[in-house]
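As you go down the protein sequences, you meet chains A and B in turn.
Just so it is clear: in the first sequence, position 60 is 60 by my numbering, and no numbers are missing.
Just so it is clear: in the second sequence, position 1 is 1 by my numbering, and no numbers are missing.
Hints are computed from structural coordinates only; laboratory data are not their basis.
Where a beta carbon is used, it is the ideal one built from N, C-alpha and C, also for glycine.
Treat the hints with caution; some may be incorrect.
In silico contact screen, one side only, chain A against chain B (beta carbon under 7 Å); selected entries [what the hints assert, rightly or not]:
1) Leu5
2) Phe33
3) Cys189
Below, simulated DSS-like cross-link-like pairs (lysine-lysine); rule was C-alpha separation at most 27 Å, straight line [as the list claims (entries may be wrong)]:
4) A:Lys152 / B:Lys96
5) B:Lys48 / A:Lys8
6) A:Lys196 / A:Lys180
7) B:Lys8 / A:Lys152
8) B:Lys180 / A:Lys8
9) B:Lys48 / A:Lys132
10) B:Lys132 / A:Lys8
11) A:Lys8 / B:Lys152
12) B:Lys8 / A:Lys96
13) B:Lys132 / A:Lys48
Protein chains: 2
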Amino acid sequence: MDLTLLYKMSYGLYIVSSSSGDKKSGCIVNTVFQITAEPPSIAVSINKDNFTSELINESGKFVVSILTEDASTNLIGKFGFKSGRDIDKFKDVGYKIAGNNCPAVIEGTTVIIECEVVNQVDLFTHTLFLAKIINLETVGNGIPMTYDYYHKVRKGTASKNAPTYQAKVANIPIEKDVSKMSKYVCDICGYEYDPKTGDTEHGIPAGTAFEDISEDWVCPICGASKSSFSKITV
Amino acid sequence: MDLTLLYKMSYGLYIVSSSSGDKKSGCIVNTVFQITAEPPSIAVSINKDNFTSELINESGKFVVSILTEDASTNLIGKFGFKSGRDIDKFKDVGYKIAGNNCPAVIEGTTVIIECEVVNQVDLFTHTLFLAKIINLETVGNGIPMTYDYYHKVRKGTASKNAPTYQAKVANIPIEKDVSKMSKYVCDICGYEYDPKTGDTEHGIPAGTAFEDISEDWVCPICGASKSSFSKITV
């Protein structure tokens, strides 16, 4: 069974944030959906291990920020691959305190949704929080980012409109020397550096061996240093 | 509170189909999401009133068809706006019987997901079916259709890349005579005919008054006849 076929399902990309007492955190989720129109309510699925999940359980409140295509890689890396137990995720991030007292990320965001939990459902590794919407506010004009856009465009491995990611990669002409170069994986977030595509967004042209990248280069997703990468041996 | 801001949330577009005995049906849903990778499982939210929901309750089985951007308007109209209690939705539609005995729509579809229900959760008007994936199969190569694409492109009222639908409509230059023409709404599916945009996909140019459309024109969404439309009085 080829589980990569599940990538054909469409999702958005969101930051869900919450606070309890003087603790605050947020994390990236892709599962947010409307349940009812009257009263307006939504459901949000969050991994139980996330600090954000703990805070929502304590306070019963959260905010959903609908991320846009221009959201920075740093924002996604920080909220997607680090824990609010270890760092203050809101440091150097554009945010405000929403009406329900939760911190709300407003950079790289189009709309924020303030919510109050009314129920929750156990989904194995995740909790599905069912919540009443108490306020909606436009904070930016960007185009909402889909999970597909994030995977295909932001990682730079295939064009946005490619019917399938796999096929496109197979079609890239491979130079003999590039084919001998190793891929490297970030131990923190799982980002794969592929010498065939480089990291053009950050000045590393296609065809650059990982070993030749300067030492101050960092993982484009989570900001980890070069030393956090491991060679992928096939 | 401007509930249209919720349109910024991203969804896919799917047909969920099921059978029980010699009854079969299917309906359009936009809420399908993966829950766990191991075992592979997904959740699907369906309105309790839908015939499909009744059949899933009886058989504990269903198939999800991931629709593509080229799915026909007739397919969407039939599965989205009519009831399987009244018509055989699979008549003249490309489908096959999947391994779990459910009918699976394969036209305008990229991947079908065969599922077995393991649990269900009450979400007010909807039931959230939690299901184990028992098979995945590629049946077409189209680009998965997002709900956003369906609303913006298929209804032809704004370009796919428009940052906001509202702003675009406001920017369309309005001829004096067009501004006096009435909008009409389909009583079956809620589609709005707007003389400012016409129905170019079916040969009705922008600027055509509803009254001037030929009598054999049908609702582009649900196929209802012109007589099913009511004038919108502002």
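Hints the structure violates: just list their numbers, smallest first. The structure conflicts with hints 3, 4, 8, although it agrees with all the remaining ones.
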